[in-house]
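If you read the sequences in order, they're chains A and B.
With our numbering as the guide, the letters of the first sequence map in order to residues 1 to 116.
With our numbering as the guide, the letters of the second sequence map in order to residues 1001 to 1113.
None of these hints come from the bench; they were simulated from the model.
Every residue gets a Cβ at the ideal spot worked out from N, C-alpha and C, and that includes glycine.
Some hints could be false.
What the hints assert, rightly or not - Partial chain A-side listing against chain B, Cβ under 10 Å, derived: (1) 35; (2) 37; (3) 45; (4) 90.
Unchecked claim - Between beta-carbon pairs, the in silico distance windows are: (5) B:1001 <-> A:9: 31 to 41 Å; (6) A:14 <-> B:1029: 38 to 48 Å; (7) B:1001 <-> A:112: 19 to 29 Å; (8) A:5 <-> B:1028: 29 to 39 Å; (9) A:54 <-> B:1015: 40 to 50 Å; (10) B:1010 <-> A:112: 14 to 24 Å; (11) B:1014 <-> A:63: 38 to 48 Å; (12) A:5 <-> B:1026: 28 to 38 Å; (13) A:56 <-> B:1001: 17 to 27 Å; (14) A:58 <-> B:1028: 17 to 27 Å; (15) A:72 <-> B:1014: 43 to 53 Å.
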Amino acid sequence: DAMVIQNPRYQVTQFGKPVTLSCSQTLNHNVMYWYQQKSSQAPKLLFHYYDKDFNNEADTPDNFQSRRPNTSFCFLDIRSPGLGDAAMYLCATSRGPSAGGGNEQFFGPGTRLTVL
Amino acid sequence: DQQVKQNSPSLSVQEGRISILNCDYTNSMFDYFLWYKKYPAEGPTFLISISSIKDKNEDGRFTVFLNKSAKHLSLHIVPSQPGDSAVYFCAASALGTASKLTFGTGTRLQVTL
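Please model the complete structure; the sequences and the hints are all you need to start from.
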């Protein structure tokens, strides 16, 4: 089945210790997104890749970086996690507007990050 | 500045009755609206969508209504089933934004027996 996979599902890190979250997709979608979601809040878009083009949201902290080495994989790097970065991190994909159709995004199960 | 608002954090409905979840938006540039369903420990799952050129879209038990003049949309679930118990997110996007979505804060639906 085509899907969006996130690893690990649960990640514990120490304050200030770099951490990398992974996302892969078998949908062959052009666009990949990273969201941060805190309890009882709306998912907040951090950045997205349209093919190889990186697009950062204006209010995404510099502490958050991303890499997309190929169509299938996208990584979220948190360089120096703070206590406020503890959250669920969701990866999503979409075909993109050039492929026609709607703007549906397909989400992975998320990685819950704990910062000690 | 919350551009997509879901003012009811929770809703409880009896099995078999209608569930109505509401969503308001402020950005006039939004032209495509979606509903996602989220179970605990899972990512959001796409449920149904509607383009701004329509005022209604139906898919089985799920119907989304859009009132552009009021900047309001609603999701109707008829009949409600216990498996519908989840958090429902409303989301919106604008043409030419690479399918970027702006989400509401969600409404937790509980369908009781």
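Hints, verified against the model:
1. 35: holds (8 Å)
2. 37: holds (9 Å)
3. 45: holds (6 Å)
4. 90: Given a least distance of 6 Å, the restraint on residue 90 of chain A holds.
5. B:1001 <-> A:9: 31 to 41 Å: Given about 32 Å between the Cβ atoms, the range holds.
6. A:14 <-> B:1029: 38 to 48 Å: About 42 Å separates the Cβ atoms of residue 14 of chain A and residue 1029 of chain B, which means 38 to 48 Å holds.
7. B:1001 <-> A:112: 19 to 29 Å: The hint (19 to 29 Å, Cβ to Cβ) holds, given that residue 1001 of chain B and residue 112 of chain A are roughly 27 Å apart.
8. A:5 <-> B:1028: 29 to 39 Å: The hint (29 to 39 Å, Cβ to Cβ) holds, given that residue 5 of chain A and residue 1028 of chain B are roughly 37 Å apart.
9. A:54 <-> B:1015: 40 to 50 Å: holds (47 Å)
10. B:1010 <-> A:112: 14 to 24 Å: Given range 14 to 24 Å: holds, Cβ gap about 22 Å.
11. B:1014 <-> A:63: 38 to 48 Å: holds (46 Å)
12. A:5 <-> B:1026: 28 to 38 Å: Since residue 5 of chain A and residue 1026 of chain B have Cβ atoms about 35 Å apart, the given range 28 to 38 Å holds.
13. A:56 <-> B:1001: 17 to 27 Å: Distance hint for residue 56 of chain A, residue 1001 of chain B holds at roughly 19 Å.
14. A:58 <-> B:1028: 17 to 27 Å: holds (20 Å)
15. A:72 <-> B:1014: 43 to 53 Å: holds (45 Å)
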